[in-house]
Structure formats: structure tokens, C-alpha cells
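Enquirer: In case you want the letters, here they are:
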Amino acid sequence: MIAPLLTPEILVLAIPLAAAGLVALLANYRLTARLNVLAALCTFLAAAALFFVERPEPGSYLLVDDLNIVFIALSTFVGFTTSVFSATYIAHEMETGRLTPVNLRFYHAMYQVLMFAMNLALVANNVGLMWVAIEIATLTTVLMVGIYRTHEALEAAWKYFILGSVGIALALFGTILVYMAARPVVGEGIDAMVWTILIKESVYFEPELLNVAFVFLLLGYGTKVGLAPVHAWLPDAHAEGPTPISAVLSGLLLNVALYAVLRFKMLLAANPVAIAPGPLMMTMGLTSVLFAAFMLYRRRDIKRLFAYSSIEHMGIIAFAFGMGGPLANFAGLLHMTMHSLTKSAIFFAVGHIAQVKGTQKIADIRGLTDSHPVLGWGLVLGVVAIAGLPPLGIFMSEFLIVSSTFAREPLLAIVLVLGLLIAFGALFLRLNALAFGEPTGSLAPVTASYAPLFSHLALVLAAGLYLPGPLVTWFQNVASLLG
Amino acid sequence: MALILDLAVQGMQMVLVLLLAPLLTGFTRKVKARLLRRRGPSVIQPYRDILRLLRKEVVLAENASWLFRTLPYMVFAATWVAAALVPTFAKGLMFSWSADLIAIIALLGSARFFLALAGMDIGTSFGGIGSSREMMIASLAEPAMIMIVFTLALVAGSTQLSTVADFMSSSAVGLRVSLGLALVALIIVGIAENARVPVDNPATHLELTMVHEAMILEYSGRHLAVIEVAGSLKLLLYVSLIAAVFMPWGLAPTGAAPMAYAAGALAYVGKVAVAGFLLALFETAIAKMRVFRVPEFLGAALMLGLLGTLLLFVTRSF
Amino acid sequence: MPGLEFDIAHLLAGGLVLVSFMLLYQDRISALLNVFALHAFVLAVSVAWEAHIQDAPHLYVTAAIALVFKAIVIPVALHRIMRRLGIHREIETVVGIGPTMLAGIGLVALSMVVMLRITEEADPLAREDLAFALSVVLLGLLIMVTRRNAVGQVVGFMSLENGLVLAATGAKGMPLVVEISVAFSILIAFIVIGIFLFRIRERFDTVDVLVLDQFRGDRR
Amino acid sequence: MLWCVAALLATSVAAIALVTVRPAAGPRFVYSACLVSTAVAFAITVARLTDDWGPAPTLHLPLGLPWLGADFRLDALSAFFLIVVNLGAAAASLYGIGYGRHEPASERVLPFFPAFLAGMNLVVLADDAFTFLLSWEFMSLGSWALVMAHHRIEDNRRAGYIYLVMASFGTLSLLLAYGILAGPDGRYGFEAIRATLHESSAVAVILVLTLLGAGSKAGLVPLHVWLPLAHPAAPSHVSALMSGVMTKVAVYGFVRIVFDLLAHPTWWSSMIVLALGGITAVLGVLYALMQHDLKRLLAYHTVENIGIIFIGLGLALAFQANGMVLAAALALTAALFHVFNHSVFKSLLFFGAGAVLTATGERDMEHLGGLIHRMPHTSFTFLVGSMAISALPPLNGFVSEWLIFQAILLSPELPQWGLKIMIPAVGALLALSAALAAACFVKAFGITFLGRPRSEAARNAAEVDRFSLAAMFAFALLCLLAGVLPGYIIDGLAPVTDGLIGAEMPVQASVPWLSIVPIAEARSSYNGLLVFLFLIISASLAAFVIHRFASRALRRGPAWDCGFPDPSTATQYTAGSFSQPIRRVFGTLVFRAREHVEMPPPGNLGPARFSVDLRDLVWDVLYAPVSGTVGFVSERLNRFQFLTIRQYLSLVFLALVLLLLALAIWP
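Residue numbers (my numbering), protein chains in the order written: chain U, 1 to 483; chain S, 1 to 318; chain A, 1 to 220; chain G, 1 to 667.
These are calculated hints, taken from the structure and not from any lab test.
These numbers come from a predicted model, not from an experiment.
Don't be surprised by glycine CBs; every beta carbon is placed ideally from N, CA and C.
Just so you know, not all the hints are guaranteed correct.
So, partial list: chain U residues that the calculated Cβ filter (under 7 Å) puts toward chain A [stated by the list, open to error]:
1. F52
2. L172
3. Y179
4. G189
With the rest of the complex left out, here is chain U (with noise of 0.2 Å):
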């Protein structure tokens, strides 16, 4: 009878949940960080058996489609190697006792809440649980953000915890919004935030209720989004939390934000009446991708910079979500991928150039190719994937989001372009600096492992040349989904 339980979907939740409960027991900081490496790869290979078994049903809270299973399995891997990185991430911080082992049980307890919200999020059927998820996972990271107890880490928890309890509640009010226009159709009860319900009926929803709705849902899940000009949170606090939070913000959890627009996107796409989303999202994503890109030129600190390069790439994504079409969609996805495998890459390697030199100061790191080879080159080919360069993923995702673009909206391709360019300069204005000229600050050597680093790169520069056909199919059929 405990069988019907230990289907995957139960499973990528449990799991997590189960590791939260046993690490925030036990003492020994060696120990739970094992553990939390191994909940993560359990959590991983059940997200992989989703695709092996058939789906269930979709009942009213949970929900298994083409979709989300993506999301699932990107970001319970990235989360497991995340979880990698992290483990010898946090002993170097016990050595040099920024952290207490008590922060570590708290830290690594937070880590897999964090996942399981997560999960949770993205399994959710119903509009409800995935808005209490989403909620779960923005505190958890808010604690987590200010784990350091610094004045900035302080600060910028603070900042993260306001704005994004605003962003909780304006979601939470286009959440009832959205019931209040599925009720006359479907009728009261839970099923009027069942999902796959709503899609269904929602061509006779009432279509200014609609609109009210996807305003606050795009400005409350935006904020998780990083879309500018409701972003601020989002660079203090990649900046301040520990690499392994930043890492995981930049990778998982923007995308789960952005999971749930996409949703609420097919909503008021299927409604012929309402206004359609896609402007508004392009509009922000525009904004959003030339803030960042101009505000990358006056950035000292290394995290900060390529939070705000996050920031631009959410830009990039959202708009080619709003400009719709399968070719677009595709190259969104394709994209959100890419960038939460590179990103979370180039984190990996700046938690490891902030350790070794002891600054996460521009200024204060010189010469990493020459002072430590393996990782300025790491540093290097991250960033040259994140700027768009072939041979690895993100050239391909923005060749098809530009040139799918301009035949249909030159304008606005013209601006993207020019927003890439000018991120483009910023980030190898920086690289410059970081990466070549005479190596400066401490050459100790670099203790923790290179693979996270290193896998990842290896998955962006093997998508760059050759994409698997069922992934391809795959992604075709969601781009299709996704309208």
C-alpha cells in the first residue's frame, strides 16, 4: 500500500523534505554535507525516472506534463552538482570561520527546503500550492542571503525580503484574481485553480479579470524574475549570499519564476478576448536587457557583475517568450537552459577565484590565466559562453531568438542586438581585467574540485554542436505547447 507513494513525482518532494528533517538534526558539518550531495542525486535520478515511467494523471494538486518535466530535470541537476560545489565551497568558509557548524546545519537544511519548494513549484497542478511553493522558496533564500550576518549580507536579505514579500503579494492577488475568473465557468472549489482545468475553460473566462490578473502575476512572479525595473533585489543578493545560493538563484529558482508566467501566459494566450501577454513581456525583457547591459560597465564586484549579466539573460528569455512562435519559444527554452547551466558554471568558478584570492573586488584580480590556468581558462570560456560566443549553447539559442526575431519585429531585433553588444563590451571590458595582464593577489593553489565547473561547461559546449533528437523533439513539442 506504500507503493502509490513512491511514484517519482512523490519522490522528487519526499526526498528533499526527508534530507531537510535529518540534516537539520544531526551535528556533524562533514556528514550532512555528504548528505546533502546524496538527497540531491537521489532527488536528481528521481526527477531522471520521470521520464522513464508513465505519467499519472493529473489530479488536483499535482501535475506531470511536457512542460514542467524540463524545468524538473534541469534543475534537480543543477542542484545536485550545485550541491557538489557546495560541499567543499562551505568547509573552505568553516576554515576560515565565516561560518559556525551551526549556520551549516541551518545552511544545509535551508538547501533542501529550497529544493523541495522548488520541485514543488514546479509539479504543482494547482495555482494555489505552486504560489505557497514559490513563497516557501523565496523565504528559505532570504535566510539563506543573510546567513553571512554582515552588514551587506544584512542588508541585502532585507532588501531581498521586502520586495519579494511584495512580489508575494501581488501574485497572490493575481492568483485570486485568476479563480475569481475561472468560478462562473468552472464553478467554486478547487477546481477553479486546478491547471490543467483552467487552461481548458479558459476561453469563456472573463477576459478584463484575466488582464487585472497577468498585471500582478507579471509584476509579483516578475520581481522573482529579475525583470528590470522590479529586479533591485536581485544583484545584492547574489552578491552577498554564499556562491552555492547564488548559483542556485541565478540557475533555479529565476526559471521557476519564470515557469509560472509561462503558465500564466498560456492562460490568457488560449483567451481570445483578453489583451495578449506577449508585448508586456516583451517590453520588460527589452527594458530589462539594456538596464542590465548598461549597468554592467560600472560594476566592481565580480558576483554582482554577472548577477546583473543574469539579469540581462532573463531579458533575452522573456523576450523571446513574448515574441511567441515555435521557432522563438524554442530558442527561450533553449536559452533558460543554457544560461542556468553556464550561469551556474561561471558562479562555481567565481566562488573559487573569491576564495583563493580573498576578494570579490574587480579590481583587487589580475592575471587568473596566468596564476591559475585551469580556472582563468574556466572563467574564460564561461564567460565567453555567456556572451554568446560559439561553439558552446547560448550562440545558437540567441542566433534563432535574433534572426527568428528580425524577419518579424526588426525594431525590436535592432534593440536586442544592440543591448547584446553592449553587454557583450561590458563583459569582456571585464574579462580583460580578470583574466589576463600580470596575475596579482595570492597564487595558492586551488583545493576544491573542478567537475561541477567543468560538466557544465562541457554539457553547454556539447549542446552548442550537437543537440540529442528526442531533446530536440521534445523541445519542439513545448515550444508548440507554449503557442
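Once you have looked at the hints, place chains S, A and G on chain U.
Expert: Only chains S, A and G this time, still in chain U's reference frame:
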């Protein structure tokens, strides 16, 4: 048989220009002297000089390179070949098609290139002055020359000198503004290229005013002789170029009877004499100009050439 | 007799908006907290009324939560924190009270316009209710924006949450999950804010956000 | 064909491994591997181009865009450019075998060198937009890494940065061009693109974008700024590749898009190309004249030659637009011929510069001189290269420029008055640039190799290794052969023009005496072989006669120098003083050149100082403002990093209110 005859004619032309060149130089010197109320050296003085130089030994600067010693012959060869390809007394010579007008200009260009290098080899300040000024002048003279070629080629529909000459002697030419402009431009370029007054003074050795002389300052003996010959060949070349294009009368057609050739030769000598006289007259009439006036002088030629090309469309639209 | 029910519901919802305006008007922390208690109380009553007219008993729970936590616990707690931090001086607002009020009125008008565009099919109760709720939400945001002081911002945030609750309860038959999540989130929010205030207390002697903002490294 | 590319990539991977384990054996292995694979590729393509032309072989790989795959095609055009690429690459590898030994940072060169070669090969082979752009950018990336090889020098970093930004600018504009070509539903295959008809407005946009894209890589003014910075920064054999070969790949991109994919250009589009080409040619050579850094001078000459090539392409466009296919074939042949020539002699010259660099460690001509005594072979090959690039007969540079002149002379038959008037003017620019080039190389060769050494390093220079010499002599020989036997190359180009324009020049191999006749013998003809023979015969004849019958005596003595020989080498003409007259003529308006002379007053024995400052107008007018704007905007926006939480909240608030307002006023 015909082949041999052609070869003979071609050879004759080569020898003829070689022999005639110093004579032209001497002749102009003589006329100039006369115009200045001097008796002046005899007309064949240049031959004497050259023979004397040939017999003298070469005094070579210590750090002269192998290039310095080979260059005179290269200069000479380039100029000679170019001169041999310009119809003098007969057109349609055997090898005249092996290089058209542009190629001839380019040959002269290589001659200049070599000479300028020679000027820089020893590493003296005068050599440098000479070369740099020479190249500056050339950088304006060559495009002007090319524009003149354009004008001719667009009129005659060919860059082949024989064809051009044919066309110019035919009645189809008529009187054209652009041809006049081209003639003036060509004369200016000729003066500049041959380092004559007012661009340069072949007689002076006043260091700072000389261009051509400064480059060959370090040469002596046979090298100097060869270069001198090349110089006068170049002068002759320009004269015969003007003659062939603008006074194409009396040019013997291809495969004509020997008498025609003789007549052509006579006509040619006549033309050369006239040209030499006019040149001398011109040189005595005006004074040398400052080096940095030269660009304007040549710029005028360039403008004239371009104008000539453009006016073609006005006078006759293709 | 539905007419009366509607009117009372509207009265309460409108009352909530009114109280929001009062919040907007306050410039002393203690007074602010008291008014917020009132705010929560009105909310509780209106939720209870909703529960009555929708005869949905679970809404009474929500009403109770609102009453207990928001109207009593939180204000008291904030009073104590305030006293511990020794800040009973008045809150410096960013813009004067007058302009703020005007802005608030504009916001209410805006929410009306947006909401009343909704066609009549959606039942009128929900419609009016949403209009009021939206204006409460917007006013809450406005409070957060115009207060320089962390407590003031917290209060603004919570009045915003009240607006959400109002909307949720106005949504007929909205599943329990939402109320729970609301209460839950408020709980979390309160705890976390508490933690933060403590930490901030450890670090600096005030919760004034301006001071927080001053601790900004040059590493940007 | 692709196997060679694969071999190259494999080499680069192997190189990474190698430099990590055994740096010592690195250079020899890597360069030999490159040499072999490129040589094989060269042989294959030559065979393809010369034998009777069958259907172009294609290859489909399941790489790249999933539903499209990566397509490769070897048609006449790509075959020709492959020949250019692999010829240069092979020579550079050969040169590198020797040069690489002196390379201090070989671990930063070896991995990227083969990758760079592979990238160039792939660009030329690609048969769909994605593969094309991927290889294109890959090529840029590889060369960027090579430019950054000596990254500790500040200037090199700056050069690399500017280069990469310009490169991605070019790629993005090409990307936009392909965006139009492929249409919204993404038909990226070249076959599909050819099949579609584009309306004239789209054609215009595409042409401009292509000019921006390919031009920025090829170095068209005003997109050239990166080129003279980046090319000299790289190791010399890489500079040779970048200048001699990579710019040609850019030309390939232009030809491929404009002549092949975009079948029907409009006549006025050719005017843009012609104007750009003319300006580029003249400005390039003028910039070059002002330099005294040998490698930078050469880089600027690349700009000039690119201008000449684009003049040829513009002519071809003009003729093609008016259906004069024969003339178009002539012009295109001339342009492609010049592509080949330039790749040969520019590589040769960079090899020479590299040799000088290894021998003396100097790039600044003001510290060189007299090298002809110490390095005779290098100086001989450099002389040949200089003559070739100065378009002097009987070498190859002259032939292609001569052909372009012939094409220009056909312009009066064009119907449009604009072109009638414009083309002769462009011809004047071409002639001007040719003459200036001659001046410039008199300077380059004269200052560097002739005269007396101006520094200790130059005094003690020694001849370079035999590999480098082999590469240089091979190319010098090639310059001569291509000059005296141009007919074969023209015939070799026939299938290319045939494929692009549908016409070809008359067959040259059958013409007696191996001379070349573009249109008709009565119109114009040129015989490099005869001219060469005449020159040799008459020169040796004269020498023989004189030595036989006149004196052959020779005495060494001090230089005459008008009686005042000065032992100090400082009295020689310097690079700066050599170019002074031309600077006076053109400089004042092109560079805003200012000359400052400080004469010490009489009695003061201090030295007089002479200084010149030149400004790059293009930089001042175009680039400085752009970077200034970016800086300004980012400075303004930067305030958003330092807002208080409340202000951020107000941002959110404002966004919300605005959106709601938008909804409120929504119809």
C-alpha cells in the same frame, strides 16, 4: 621571313632609341645654351661623357650593398624596355602588344622604385631627401598619367599604343577638349617625371634643391653612366609618347616597305627635334619652383586628366 | 434580503478602505499601530460577515486569525519591540500628508476604474469587493513607499495583506488553502521580520531603513 | 576535405594536451601537423578546381541546428577561397615550425592556431547560415585568443578587446542579414535562400548589413580601426594569417551573400561599394605611410588592398546589375585575382617582418636599418614582396590591378550617369593608392633594410632559420610565377565567375606567347612573361657588355655625400622624415597633422626637438562619441544601484500603477 623582318624592326627600334636618347639631351642643352647666349657644349657631348664614365673605375661607399650595384642595370633595363615598346617610327611592332600603355607607365614606375631604393642604400641624408621627394612627386604624377591614359583609352577604345596611334591618325578623332587637356597634363607630367625645370633642375648640384640628382649622388663610373643613359631614355620615351599620340603622322604601318620605315624614322627625328627645342625654350622661360609648390603643379595635371575623362561624356556620349 | 447583505458587506469593505486612509494619515508609530489594530479588526468583522452570508464556516477561522494575530498579537508585539528599541518619536514621512492623501484618492479611483470595467456576469458582490480590496492593496503599497521607518513599512505591508484577505474572502468558495497560506505567510513574515529586527538591533540601534541603506560597501 | 578540418581540430585538442605535458615538443609537432593537413587540403582543392567541374560535392552532418543539420558544400567559389586559405595556412605553419621556437608564450598559441585554421576552412565550406556564422565567429574567437597571446602588454589587451567587440558587431549584423534572408520561419539552408525571391527594399538592407558585417572583418574604412591594432599584436605568422587570409574569408562572406545568395543587386548598391572601396584604398595607404611600426604599416596596407578588392567587387556589381556579364566576369576575376595575390605577398611581407622581429626584437623602423647586410635572404624576399604589393611589373600585384583598370575602362558603356562619372574618379583613387603604396614600400624597405643600422640590435642581427626562409622564398617565387603566368590563374577562376555571374573571361591559355587578353587584343593585352624576359635579358646584356668592353674596376671608399660624410647614423633619413613631404601634401586634411618644432635659441647647445601629432579622424568622429555615450548612460543609470529600499519599492509601485493605468485606458 616576316618574322625575321619584324624582329629586325623591333631590334632597330631598340637600338634607335638607345642611340637617339643622349642626342636629345645634348640637343636640348645646346639649345638652352644658345638661348642664354652661351656657346655651350657640343651636341654629342653626352656621348663623350658616357663613354668616359664607362671607362672610369667605380668608387663605392663602404656600406653599399649588393642591391646598390645591381640597381643601375635594373633601372636601365626597365626604362629601355618601356622605351622600346613605344612606337617611334613604326607602329604595330612585333612585341608592342606585350605591354600596353598602363604597363609602360608601370615599368617606368619600377624604374623609379629602384632608383629611390638606390638613393637610400648608402644611408646619407641627401639620398633620403632625393628618394622621399621623388616618391612624393611620383605619387601625384602617376595618377595624373593614369587619368591621361583613361582619356586616351576612352577616346580610342584601347590602351594599346599602336591602336591609339592608329585612331588618332584616322579622321574619326575630330577636335576634342579633353584631348587638349590630356596633352597639357601629359606635358606637365613629362616635365615632372624627367626632373626638368621647374620641378627639378638637371644641371644643379645645389643640394637642397635637387631631387633626381640627390638620389644618384653616390654613384660613379659605369653605374652613373648607365643611370644617365636611362635618364635620357626616359626623356626620349616621353617625347616619343607625345609624338606617337598627338602627332601620329608618318608612323609606318605594320609590315610596311623599308622606305616607309625610313620616312617614319625621318619624321620621328624631326618630331623629336621640335620637341627638344620647345622643351629648352620652356625651361629657359621659367624658373624652378619650391619643392612644396610641386604638389599644386602636379595636382593641376591630375585635375586636368580627370576633367578630360569627364568631359568626354560631354563632348561625346558613349 | 440580499440587498442589505450587500450593503453591509460594502460598508465593511469601504470601512477598511477608510481605515487605510487613516493609516496613511498617521505620523506617530504608536498611533499607527493602534490604527492598524483597528484595520485588522474591521477586516475580521467583514470576513466574519462574508462567512455569514456565504454560510462558509471555514471563513470564521480566517476571521479569527485576523482578529487574534493582526488585531492583537502583532500590534502588541510591535509596541514592545518599539519600546525596546526606544523609538516613540514620530515617523518622518517622505512626502507631506496632504499629497499622500491625494495620491491615495487617485489610487482608489484607479482601482475602481479598473475593476468596474468587469462585465456584470461576475457576481456584483465579488466585483465591488475586489474594487475595495484592490484599493486597500494599493494604499498599503503607498504606505510602504511613503514611510521611512521599518515599522511603518511593516505596517503598510500588513495592511496590504489585509487587502488580500479581503479579496480572498470576497472570492466565493475559494478553497481553504488560500486562507491557510495567507495566515501562514503572515506568520512567516512576522517571524522573519522579528528575526530581522533582532539582528538589526544587534548591529545598529535603530530600525530606520535609511541607516540600513547607509551600510553599503563600495563593492558595487 | 572535412577530414583535413577534423585533423586540424584534433591537432588543436592534442596541442592543449601537449602543452600541458611536454611544452618542449609542442611547436614542432603542432605546426607540422597543421602543415600536413592544410597542404593535403590545398592539393585536394586545387585538383577539384582544375579538373572538369562536376556537381559540387555536398556533405550533411547531424550537427548544429537540429532540424537542419550542418551542411557543407565545395563549389567553385569555396574551392578557390579554400586554396587561398590553405596556401596561406600551409606557409604559415611551415614558417611557424621555425618561428615557434622563439615564441615565449607558445602554450597560448599552439592550441588556438589549428583551431583558427579550422575555423577559416569551415566558414568557406559552410552551406547554411548557422554553420556559416558559427564558424565565422569561431574563427574570430580563435584569432582573438592568438591576439591575446602576449597579454601582459597593455596595448595587446586593448587591441584584443576592440577586435572582439568589432568582430561580434560584424557577426551580429551578418546575423540580421541572414535573419532577413531566411525569413521568419527560418529557412537557413543556402539552397532554400537562393530559391526565395527578395523584394528590393530587403535586398538593400541585406546589402548594407553584409557590408557592415563582412566589412568590419575585412577592415573597410570606417570599420577598420581594430585591424591595425590587432594584426600586429599577434605572433607574426598569425599576423600573416589574419592579414593575408582571414580578411579574404571576410571577402568570401561578402561575395557569397551578395553574388550568390542575393542574385540580383541594384545598380546604386554598387555605388556604395565602389565609394567605400576607393576611400578605403586611399585612406589605408595614407595611414600606412604615417606609421613607423613595421607590422602596423603592413596591417594598414591590408586595409588598402581590401579597398582595391572591393573596388573590383563594386565594378562587378555595377556591370552585373546592367547585364554586362562579360565585363562583370572581368571585374570579378580581377578582384578574386587580387585576393589571391594579396594573400600571397602580404603573408610574405609579414613573414619578413616576423623575421626582422626575431632577429632584432624591434618592430619600430626608427631603430632598424642596414639589415640587408646581415640578413640578405630575408631582405631579398621582402624586396620581392614590396615590389609585388606596389603593383610593379612583372610581379603579380600589377596584373590584378591592371585587370581592374581594364574593367574600369569599360565603365562608359554603363547606362547610369552616376556610375559613368563615378567609376573614373574611383579609378583615379586607385591609381593614387597604387602610387602611394610604392612610396610607402620604398620607405618600408629602405628604412628597414637599407642604410646604416640605427641601433645595436640591428647591428647584430642574424639571418633567421631555414623553415622561415623556405616559407618566404616559396611565396616570393609564387609572386613571380603569378606575375609572369597570370593566364593560368585567370582560367582557373573561370568556373568561379561562371558559377556566380554565368559568364567567364576568354580562355587565356590558348593565347600565343602566354599573354593575357581581357577583351580583345586590339584593345589591350599584357604579357608578363615577355616583359620579365626583356628585363632580365636587357639588364644582363648591359651588365655583360659593360663589364666585357668597359672597365670593371671598383674601389671602396667612404660615402661621398657632397663632401661632408657624417659617421653618425642619426644623420640618415628616418621613417618620419621620409614621409614628411607626403604628410605635408595629404596629412593636413586627412590626419589634422600638426608639426611642432622647438629650436633652442642661438648659443643654447640643447637639441632641437621636432614632433608630429596625427589624429585618426575616423576614431574621433565615430568611435569616441559612441564609447562616450555608453559611458555617460551607464554612469547615469548606475544610480539605480544605490537607491534605498523604499525607492525600489516606489519603482515597483510605479510599474504597477502604470500597468493598471494602461489597462484602465485600454479600449
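Enquirer: Taking the hints in turn, state whether each one holds.
Expert: Evaluation of the provided hints:
| no. | hint | verdict |
| --- | --- | --- |
| 1 | F52 | violated (31 Å) |
| 2 | L172 | holds (5 Å) |
| 3 | Y179 | holds (5 Å) |
| 4 | G189 | holds (6 Å) |
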